[in-house]
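Knowing the structure of chain A, use the given hints to seat chain B on it.
Respectively, the protein sequence lines represent chains A and B. Each residue of the first sequence is one higher than the one before, counting from 1 in my numbering. Each residue of the second sequence is one higher than the one before, counting from 1 in my numbering.
These are computed hints drawn from the structure, not numbers from a lab. Do not take every clue at face value.
No copy is singled out in the list; a pair is fine if it fits within one copy or between any two copies.
The list that follows gives simulated cross-link-like pairs (lysine to aspartate or glutamate, EDC-like), each with its CA atoms no further than 20 Å apart [as the list claims (entries may be wrong)]:
#1 Lys66 with Glu119
#2 Lys188 with Glu274
#3 Lys192 with Glu227
#4 Lys41 with Glu285
#5 Lys290 with Glu303
#6 Lys192 with Glu228
#7 Lys291 with Asp216
#8 Lys199 with Glu227
#9 Lys297 with Asp216
#10 Lys205 with Asp90
#11 Lys188 with Glu228
#12 Lys205 with Glu175
#13 Lys24 with Asp60
#14 Lys275 with Asp90
#15 Lys188 with Asp90
#16 Lys93 with Asp174
#17 Lys188 with Asp174
#18 Lys280 with Asp60
#19 Lys297 with Glu256
#20 Lys188 with Glu227
#21 Lys205 with Glu227
#22 Lys205 with Glu182
#23 Lys199 with Glu256
#24 Lys275 with Glu227
#25 Lys24 with Glu274
#26 Lys93 with Glu175
#27 Lys205 with Glu228
#28 Lys205 with Asp174
Protein chains: 2
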Amino acid sequence: MNKLLIVGTVAFDAIETPFGKTDKILGGAGTYIALAAEKYKVDSAIVSVVGGDFPNEYLDLFRRKKINTQGIEIVQDGKTFFWSGRYHHDMNKRDTLDTQLNVLADFRPKVPEAYKNAEVVMLGNLHPAVQMSVLEQVENSSLIILDTMNFWMDQTLEELKEVIAKVDVITINDEEARQLSEEYSLVKAARKIQEMGPKFVVIKKGEHGALLFHQDQMFFSPALPLEEVFDPTGAGDTFAGGFAGYLAETNDFSFENMKSAIIHGSNLASFCVEKFGTEKMLDLERNIIKKRLRLFKQLTQYEIKETNS
Amino acid sequence: MNKLLIVGTVAFDAIETPFGKTDKILGGAGTYIALAAEKYKVDSAIVSVVGGDFPNEYLDLFRRKKINTQGIEIVQDGKTFFWSGRYHHDMNKRDTLDTQLNVLADFRPKVPEAYKNAEVVMLGNLHPAVQMSVLEQVENSSLIILDTMNFWMDQTLEELKEVIAKVDVITINDEEARQLSEEYSLVKAARKIQEMGPKFVVIKKGEHGALLFHQDQMFFSPALPLEEVFDPTGAGDTFAGGFAGYLAETNDFSFENMKSAIIHGSNLASFCVEKFGTEKMLDLERNIIKKRLRLFKQLTQYEIKETNS
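Isolated chain A (complex conformation):
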């Protein structure tokens, strides 16, 4: 079984949507990535940091799902990273109400010995210096996937570019791709970003799906149109976790197989948004996941008639 090393925040989120609001609940990129990846036959570990206020039951939850937590440092006299946000009817945009870095401010990631040779490394959205430190600790990885966001492009672009130069796949959203490349056309943006290092560029467009670029090839997966989007928090990380988990299980990093990985990621993300926070992902059974994969197929697959014209 391949190893998947996940670096990302394990956090508290407080979320408001038009459908309700939560108290502090389990959140963070590392959490969502791991809970998506565990739907695949992979040996996953999270590298992260939490405070003494982080409930043991959440760590137990990871362990019950065979997600290794050795790399989750607990700073007993510190507080866990906290994020609070509000969504409106157009769930493509959100307002951040509060961000408390807490223990994340001084995070020095330590990759557990047993995962330094992980075949797949998923760098969740974090300070590029943290991501680079993880890259310096791993060896012989076959695939490194990077997620990042505009904040790091604004604040630490040069450090971010050094990380980008070292990864195989980058996943960012459309606005971020435009910012990073200074190109409006996503086709041109993806080409420029490939020149920065990653052989594969995944551009996430939220409810509008995701694009995969590799050399002159292009592939698109829609997001599944849903009756109700309850809470988009974690959808992008769930996408990345499904993408990474599928690739780690299948151990095939070709463009053809990346297409499937994009569909698998989109599929899991479509579940994530149906309930608040991680709720839907926690008890999501694999036969339900497979069933929806077939729905995805129906949504885009067709036989086109040749016309006489």
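Just chain B now, kept in the frame of chain A:
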């Protein structure tokens, strides 16, 4: 050869984009629909109205392309409908700079005798009373397709609803689907709109593709990601024209064939935006169209591996 009756504006447009601006050029929904549909083996006619200022060369252009112009009324002492708009880098939105209805204000459509039995009727975006008048003149049509916009929802909702009740397919954009149905979710919106009459609902999302809904079935076509979108004017009408033209040629109005029609429409729209106005559509060869259809196929078709998980 099936007949396709097209009702829509034949107009002058003046367009500004970040890439340049035009003087008054040939435009209008009827024009774009007809220029897309003529890529298929159909016998098309436009029903519209122009003023004495409308150049004969434009009418000749239609005729050279075997588009019947008998139903284009010429009001010698009137002026042709004029629209002027400006696009910014985000081409999903545009500012209307000027609209002069001119001869369109008193337009009473007259369907040529030979096209009253057209198999397919494409009602381009116009006042619902004009669309209804056309429906009252046709007989035995197999498929009626309606395009409309938010303006008519704001101004003439009851009249619009009477037209909607009589058509087989409606094509509108995502915001309009939400406005018409008072549902934010496009899945729910499409269901409500089906209850208003149309068995098929096509929701256009511009650069984000198009969705087709029929009963509990759903199909999605992306827009082709392009290096450069030069001018989006007419893309929606070109989509509708390709959709209608393909259906008229193939004479198969099943959900399966509508999937292909959506792809054909998206394919033609991807050409339309590559040059100003109708320029690209005018000399677009069929082998080029077929070649890009294969690109569309590559963009979304995949074989998914079954995983062991």
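Hint check:
no.	hint	in the structure
1	Lys66 with Glu119	within (17 Å within a copy, 61 Å between copies)
2	Lys188 with Glu274	between (34 Å within a copy, 15 Å between copies)
3	Lys192 with Glu227	between (37 Å within a copy, 12 Å between copies)
4	Lys41 with Glu285	within (14 Å within a copy, 49 Å between copies)
5	Lys290 with Glu303	between (23 Å within a copy, 14 Å between copies)
6	Lys192 with Glu228	between (36 Å within a copy, 15 Å between copies)
7	Lys291 with Asp216	between (32 Å within a copy, 16 Å between copies)
8	Lys199 with Glu227	between (36 Å within a copy, 19 Å between copies)
9	Lys297 with Asp216	between (24 Å within a copy, 15 Å between copies)
10	Lys205 with Asp90	both (14 Å within a copy, 15 Å between copies)
11	Lys188 with Glu228	between (34 Å within a copy, 8 Å between copies)
12	Lys205 with Glu175	both (9 Å within a copy, 18 Å between copies)
13	Lys24 with Asp60	within (18 Å within a copy, 69 Å between copies)
14	Lys275 with Asp90	within (17 Å within a copy, 32 Å between copies)
15	Lys188 with Asp90	between (27 Å within a copy, 15 Å between copies)
16	Lys93 with Asp174	both (13 Å within a copy, 17 Å between copies)
17	Lys188 with Asp174	within (12 Å within a copy, 26 Å between copies)
18	Lys280 with Asp60	within (18 Å within a copy, 61 Å between copies)
19	Lys297 with Glu256	both (15 Å within a copy, 14 Å between copies)
20	Lys188 with Glu227	between (34 Å within a copy, 6 Å between copies)
21	Lys205 with Glu227	both (19 Å within a copy, 17 Å between copies)
22	Lys205 with Glu182	within (17 Å within a copy, 24 Å between copies)
23	Lys199 with Glu256	within (14 Å within a copy, 36 Å between copies)
24	Lys275 with Glu227	within (12 Å within a copy, 37 Å between copies)
25	Lys24 with Glu274	within (18 Å within a copy, 49 Å between copies)
26	Lys93 with Glu175	both (12 Å within a copy, 16 Å between copies)
27	Lys205 with Glu228	both (18 Å within a copy, 18 Å between copies)
28	Lys205 with Asp174	both (6 Å within a copy, 16 Å between copies)
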